[in-house]
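Chemist: Sequence:
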Amino acid sequence: MKNMHNPVLVEVIRNSVVESYHRGSAIVVNSQGDIVFSIGDFEQHIYPRSALKPLQAIPLLESGAAQSFQLSDQEIALSCASHNSQDMHVNTVQQWLERLELSTSNLECGAELPNYKPSAHQLIAAGKKPTKAHHNCSGKHAGMLTLARHLLPEVHGYSAHSHIVQKIWMNTLSELIDADVNAMHWEQDGCGLPAIYMPLKKLALAYALFSEPELQPGARGSAMSKIIDSITKHPEMLAGSERCCSAVIRQTEGRAIVKTGAEAIYAGVIPSLKLGFALKIDDGATRASEVALGALLEKIKAISAAEKQHLADYFQPSIFNSLGHKTGEIRASSAWD
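In this text, residue positions in the sequence shown follow this note's numbering: the first is 3, and each later residue adds one.
I should point out that these hints are in silico values taken from the structure, not numbers from a laboratory.
Yeah, the Cβ is synthetic: ideal placement off N, Cα and C, and Gly gets one too.
Here are the simulated distance ranges between beta carbons:
{"no.": "1", "residue 1": "G223", "residue 2": "S70", "range": "13 to 21 angstroms"}
{"no.": "2", "residue 1": "E156", "residue 2": "D89", "range": "28 to 36 angstroms"}
{"no.": "3", "residue 1": "S107", "residue 2": "G256", "range": "31 to 39 angstroms"}
{"no.": "4", "residue 1": "I37", "residue 2": "D339", "range": "15 to 23 angstroms"}
Model the full assembly from the supplied sequences, consistent with the hints where possible.
Modeler: This is the structure in structure tokens:
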């Protein structure tokens, strides 16, 4: 296995004994691609999954589509989201589609029961089935439908790898990271869109470029700046209640913009430090990626000790048994020292 020698980044402790551990890798770079910090195999290829969403949203603004359809800051943030399917998310998607003179039937993701348990329980208790608007990626799909509506007379098929909507964001990302994304291996993601297979280091670089949008040509810089501004103003739209992404952005007031991806990916930008980062936990465990995120942010001094403590439910969560007794915790390993 290629990554078998990645260091242990996160430990699961039962009392004072390590019961389980998680290996992984992480990298922090500036907008020139210079490495500021790294651990593990940062050259490895990974599927960024939903961590790509803020990058995929750039053409929505750069093209003028967002302006043409008068997208709100909440909608722009939602276009980058892996959301909880809370009312604020689902209702916003539905109203957005109505403004496009489209409906949830035009979304090319599946109808999925919400991952967020309160949202799922609410649907079940009401005797309702989930719609495509309940899919955690429906905001991204609504954004891509907006771009398709702006460019084309027909929106059907926008999710195909060969469709112009997909080619535009791939070309944009290619220009940002100086690599041909169209030539990269890809598979279908959970929501039906192309999932590209790319180096972890390149993902970090792409996020670092959000920290200096003024260096980008034409309308791209203002597009990237608007995405960060919208997420900062409305972190609840990026994920939702009881979610690490929203909590970190809210707690730091946008000093750390972070985005999760399935299978234990995190990526983000620290605008004030002009740094981007990406991390991957080898076994795909979110419980470990959130702890690793906290360790990384602390390592590069992107958060204070007080902020890390406030986010301890994600960055160093306690483990309790069925009696309510604390039996351990999940913590960063000494590899971060």
